[in-house]
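Enquirer: Here is what each chain is made of, one letter per residue.
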Amino acid sequence: MRETWVVAAASNRYGKMKESGREAATRVAWEAIERSGLAPKDIGYTFVSNAFGVAERQAHVGPLINTSLGIPDVPSCTIESACSSSSAGLHEAFVHVAGGFADAALVVGVEKLSHLDTLAATSYFAMGADYAFETKNGATFPGLYATLADAYQHAFRTQPEMFGSIAIKNHANAALNPHAQFRKPISLDVYLNSPVIASPLRLYDCCPFSDGAAAVVVAAREFVRTPKTEPLVIRASARSGSIGDMHDRPDLLGLPATRTASQKAFRQAKMEPKDIDFLEVHDCFTIAEALALEDLGFYPRGTAARESLEGSTALHGRLPVNPSGGLKAKGHPVSATGAGQVVEIFEQFNGLAGARAVPKTDTALAHNVGATGSSCSVHIFSRR
Amino acid sequence: MRGYRCPNCQFVTATWSLACPRCGAARLGEIDLSGRGRVVAHTVQNVPGDEFLNEAPYAYVIVELEEGGRITGWMPTVRREEDLAIGDHVRFSGSYKPGVQFVKDEPRAE
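Chains as they are written, first to last, in the numbering used here: chain A, 44 to 427; chain B, 4 to 113.
If you're looking for bench data, these hints aren't it; they were derived computationally from the structure. Please read these numbers as outputs of a predicted model, since none were measured by experiment. Cβ atoms here follow ideal geometry from the backbone N, Cα and C, with glycine treated the same way. The reader is advised that the hints may include incorrect statements.
[Stated by the list, open to error] Straight line, CA to CA, 30 Å or less: simulated DSBU-like cross-link-like pairs of lysine-lysine: (1) A/Lys-403 - A/Lys-307; (2) A/Lys-179 - B/Lys-107; (3) A/Lys-271 - A/Lys-313; (4) A/Lys-59 - A/Lys-307; (5) B/Lys-100 - A/Lys-179; (6) A/Lys-84 - A/Lys-61.
[Stated by the list, open to error] Which chain B residues face chain A? A few, computed with CB under 7 Å, are given here: (7) Pro-24; (8) Cys-26; (9) Ala-44; (10) Asn-49; (11) Asp-53; (12) Asp-86.
[Claimed, not checked] Over 10 Å on every C-beta distance to chain B, these chain A residues come out as not near it, computed from the model: (13) Ala-98; (14) Ile-114; (15) Pro-270; (16) Gly-397; (17) Asp-405.
Make a model of the complete structure from these sequences and hints.
Expert: Given below as structure tokens:
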């Protein structure tokens with residue numbers, strides 16, 4: 044298995060795209076390839092993610108993207124794992140390149156839902172759940188994470204301000220991110236007065252519906268030789284699964300797939316949580332960020348929300364979490380999110396993060412889950 | 004109400020499965036569920052999906068059944084977060100419209 048790098052990453056601004064998903068995906072892919080110093084013809088495989096492409100009446104979009112990049116003969120496939128689609132795509136790209144099946148690979152994720160009304164968008168998002176045993180019995184997607192928040196606050200006697208601090212931090216970070224959907228900080232008052240979506244989750248506990256596209260170029264070190272950018276050495280690329288329906292898992296305090304994926308990743312990288320300088324985690328809802336930090340091994344169970352209130356995870360805190368603004372405030376174009384986390388890490392490593400720059404950028408971890416956590420990707424990156 | 008129990012590890016679930024998700028032993032056996040249990044987690048939802056459009060606000064609940072497994076359902080009479088608490092007793096109302104419906108129940112003598 045050969046050393047494999049992320050040599051470039053690019054995204055557009057999340058929010059509302061006028062162009063189609065296929066056009067947006069092609070443009071960010073082009074930008075990433077240009078940034079990498081490689082040529083389109085160097086790409087050996089394209090891994091596309093577009094879980095809800097049928098919302099644009101479009102499936103099988105890989106060949107269309109490759110054609111418009113001028114590389115129609117390059118194979119492609121679509122990788123779907125709900126909200127962890129493009130990190131699953133990154134894993135496949137890594138496996139292909141590290142295993143010697145391609146010298147370079149392209150990962151591109153895109154979602155476009157802004158042309159749908161709230162009810163239709165809600166119904167698409169709900170497809171991440173178990174239709175027969177969750178949705179049919181009344182669950183909405185926020186409702187599922189709300190039950191995790193209900194169990195957590197019951198077990199650990201948390202205060203709303205703790206979850207509010209996660210939303211406030213992520214909005215503050217996103218205000219410094221040109222790619223972010225939301226560019227204004229929010230106050231605790233705004234958070235506490237926002238309407239309840241699914242108790243105890245309020246509007247500002249929930250990530251938005253977003254359009255967006257992000258791309259990553261992965262290449263073997265021996266193929267690149269003199270990189271144009273500061274590459275991210277992929278030290279770990281791990282995927283895991285768990286029992287599909289959260290109510291069938293042993294308990295609701297955490298996502299088991301995050302625990303197993305992160306254990307695999309730290310083992311692959313020969314690292315521990317203390318070796319990580321900053322992270323991008325899957326904060327589809329504020330509860331998800333707290334659970335992620337505990338499941339990944341950074342904080343003991345039940346303490347992450349409190350740590351957030353104390354500022355530990357702020358941009359200049361001991362452990363910066365979601366400097367991009369996270370899913371909560373940067374946005375969550377479902378299939379682009381995993382690749383978008385790598386864009387943030389790439390920009391931090393390459394001095395492109397502007398006012399969002401975190402103090403130490405030698406190592407980073409990206410955590411991305413699908414739906415209610417039954418699929419999970421954990422990637423660990425470091426400098427050469 | 005139908006459920007499944009693993010003959011090897013006794014895992015109980017109402018979710019269709021062929022093999023046991025907990026121990027992997029082949030072939031869960033079918034059992035009847037009483038429909039009685041206690042609330043493990045709940046949420047009152049204000050933004051419904053299309054099949055529950057006319058029902059909001061309502062509670063979505065995760066119930067731990069007497070038999071030991073868990074099931075999900077909805078409660079039309081629980082319209083505010085404070086109307087229900089973790090640990091409350093509930094029972095299946097008999098209705099599947101539009102999904103498994105629970106109502107509050109009296110605690111039973113153990």
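Enquirer: If a hint holds in the structure, say so; if it doesn't, say that too.
Expert: Now for the hints, and whether the structure bears them out:
1. A/Lys-403 - A/Lys-307: 24 Å, holds
2. A/Lys-179 - B/Lys-107: Given that 30 Å is the threshold and the Cα spacing comes to 20 Å, the pair holds.
3. A/Lys-271 - A/Lys-313: Answer holds: A/Lys-271 to A/Lys-313 is near 28 Å, not above 30 Å.
4. A/Lys-59 - A/Lys-307: 36 Å, violated
5. B/Lys-100 - A/Lys-179: Holds, at roughly 9 Å.
6. A/Lys-84 - A/Lys-61: 29 Å, holds
7. Pro-24: 5 Å, holds
8. Cys-26: With a minimum Cβ separation of about 12 Å from chain A (threshold 7 Å), the hint on B/Cys-26 is violated.
9. Ala-44: 4 Å, holds
10. Asn-49: 6 Å, holds
11. Asp-53: 6 Å, holds
12. Asp-86: Constraint on B/Asp-86 not satisfied, violated at 10 Å.
13. Ala-98: The claim holds: A/Ala-98 sits with its nearest Cβ about 15 Å from chain B, beyond 10 Å.
14. Ile-114: 40 Å, holds
15. Pro-270: Given that every Cβ of chain B is farther than 10 Å from that of A/Pro-270, nearest at about 45 Å, it holds.
16. Gly-397: 35 Å, holds
17. Asp-405: Nearest chain B Cβ is 40 Å from A/Asp-405, so the label holds.
In this structure, the earlier hints numbered 4, 8 and 12 are contradicted, and the remaining ones agree with it.
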